[in-house]
Amino acid sequence: MARKLLLTHIDVPGIQTFDVYRQKGGYRAVEKALKTLTPDEVVEEVKASGLRGRGGAGFPTGMKWSFLAKPEGVPRYLVCNADESEPGTFKDRYLMTHIPHALIEGMIVSSYALGANTSYIYVRGEMMPQIRILERAIAEAKNAGFLGKDILGTGYNLELYVQPGGGAYICGEETALLESLEGKRGNPRIKPPFPAVSGLYNCPTVVNNVESIAATVPIINDGGAEYAKIGVGRSTGTKLISAGGNVNKPGVYEIELGVPVEEFIYSDEYCGGIANGKRLKAVVAGGSSVPILPANLILKTLNGEPRLMTYESLADGGFQSGTMLGSGGFIAFDEDQCIVRNTWNFSRFYHHESCGQCSPCREGTGWLEKVLHNIEYGHGSSSDIDLLVNVAKNIEGNTICPLGDAAAWPVASAIRHFRDEFEWHVSHGQEAQHRNYGLAHYADPLEPVA
Amino acid sequence: MLSVKHNEPVEFTEEMLGKFAEIVARYPEGRQKSALLPILHEVQAVYGWLSVPAMDSVAAYLNLEPIEVYEVATFYTMFFLQPPGKFVLEVCRTGPCCLVGAERIMAHIEQRLGVKEGEVTPDGLFSWRGVECMAACGYGPVLQIGPEYTFYENLTEEKIDKLIDELKNKAEGRELTAES
Ligand SMILES: Cc1cc2nc3c(=O)[nH]c(=O)nc-3n(C[C@H](O)[C@H](O)[C@H](O)COP(=O)(O)O)c2cc1C
Ligand code: SF4
Ligand code: FES
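So the sequence lines, in the order shown, correspond to chains A and B.
Per the working numbering, residue 1 is the first one in the first sequence, and the count goes up by one each step.
Per the working numbering, residue 1 is the first one in the second sequence, and the count goes up by one each step.
No lab work stands behind these hints, which were simulated from the structure alone.
We treat Cβ as the ideally placed atom computed from N, Cα and C, and that holds for glycine.
Just so you know, not all the hints are guaranteed correct.
[Unchecked claim] In the DSSO-like style, the derived pairs of lysine-lysine whose C-alpha atoms are separated by at most 30 Å in a straight line are: (1) B:K116 - B:K86; (2) B:K33 - A:K142; (3) A:K370 - B:K116; (4) B:K116 - B:K33; (5) A:K142 - B:K19.
[To be verified] Covered by chain B, according to a simulated footprint, are these stretches of chain A (three or more residues, beta-carbon under 8 Å): (6) 80 to 86; (7) 225 to 238.
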């Protein structure tokens, strides 16, 4: 069995409540940090752990914390990013639903490390049930003296609030999130200044993902060095993977970073193979924004090495033959799925979610959606495929925030690896038009994977 | 849910104002604009949607220009600017859910309710729409119903039929108690 750090007690009845969580050793990290460590020592532990941001970009959390500006007399803020909207990702919802105190405890430890006395958890508005769960957990923790004034008699004060979003993927981007938390439209800010210098209410701010914050609890309990022993190379610790699409056992799995992708897909401990006895066709390994890979390239790198669930191994081969771990939204496609239809669907998503501030993103995502719609519905021409590649190239790197890249990569990679399917749609216009769900066989059967 | 017409002035109840005050207290002095999204959610939970007079009252309460409220309400997809059905079935339409049959579910809802996406049934009870990924992809197809955003997972045609019947009964039952 793989070691679990975040979901250790997930199956304990009543673990959502403060009392049971506490009985199982909960809030020890708060006691240890506030009573025996200075804030800087907490930051050092997190640095030593090698923890990398679990929201998608994988930036080292300890390093991010050490960039926080500390001008005299100016408040500092910690904002937890619980906007979870990247298609394929549902781990934060799972954690907040089933073990909410893991996040609350992490928020207290992390706020202490950063010297924040007011912190916010920004939860996407659709997660109203999770908002209620967190509010109850906060009230319980406050009641027990772990939040509020003079926590555990240490003199440290912390107020923690939950903020609902309004339904906008872009508010997962950290500066858009801060705008939204200030009561505005979710338009990303131009950086610099970075939030570490000027974030919420123009004060120094750290934005971290739910899972990153929860991970500080085992890091403080066991020490950063212990945490760093798990994993492979610079991919330390455990990671929550949201497994969806056509697998036998969709769900959230806590893995030790370094599990082979093949084991993750086929072992009964995790996904249990592809549903309905079908073969694996493709995988989007890290949420909708990362490049899609065909079965052979997700299981093995171009050099024939087994691909591992680590930041480095998934990225092996760059964008030519690799992908990214991203947010850990692992989407498996069986042999009957239509890559063109899925690519169109994702483009529609990004067009819908573009905030519209920069023209390459606003216009480009609309263009991608339209051209892909034409191809999917049998009205495409062969020049459209190159047009898509071109439009994607013109968006990439030319926008205020990375949503533009996130819209371009899925299209570019789908055409790179599945060009024949796009060409089939163009050359079989009639047939493509009458297929409602894109579920039929039309591509050459894949080589069975060993 | 209270009903409100497009031009009807909106005055908040004591209970709502109490909630608003609690929300405003979460932010530093002078940053009450941060309360805008949470308060709009509260207002929508009471009236089912955001009318212009309701938004104007929020603006007055938070000491904002009305335009500051409109521009936020129009940016976020969760806010309804026209009255929807009493129950809004919001089905995830994004890629991962489509891999497990979301499009079939939407087609079934459309056929069962007899209204197109965004339209309201003649009895005012239902409307439906596709929404983007709800961070529940492992349990797809999924839908949610506000104002508490109750979740329905692993949907099938049968589950949809049952749900619609249950909601109908619930609405009728509630009307009965109101009359008696
Ligand atoms: C379009 C877009 C959407 C994003 N959505 C999320 C999200 O839902 N949750 C999240 O934690 N990070 C999201 N991010 C990443 C955040 O900007 C930020 O990097 C992250 O919250 C930092 O936390 P971490 O360092 O703990 O990963 C998104 C980024 C972009 C560009
Ligand atoms: S890249 Fe797109 S989402 Fe990001 S700021 Fe520009 S228009 Fe908005
Ligand atoms: S794609 Fe439907 S919940 Fe994520």
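Hint check results:
1. B:K116 - B:K86: The hint holds at about 16 Å.
2. B:K33 - A:K142: Distance ~26 Å between K33 (chain B) and K142 (chain A) Cα, so the pair holds.
3. A:K370 - B:K116: Cα-Cα ~22 Å, so holds.
4. B:K116 - B:K33: 36 Å, violated
5. A:K142 - B:K19: 20 Å, holds
6. 80 to 86: holds (count 3)
7. 225 to 238: violated (count 0)
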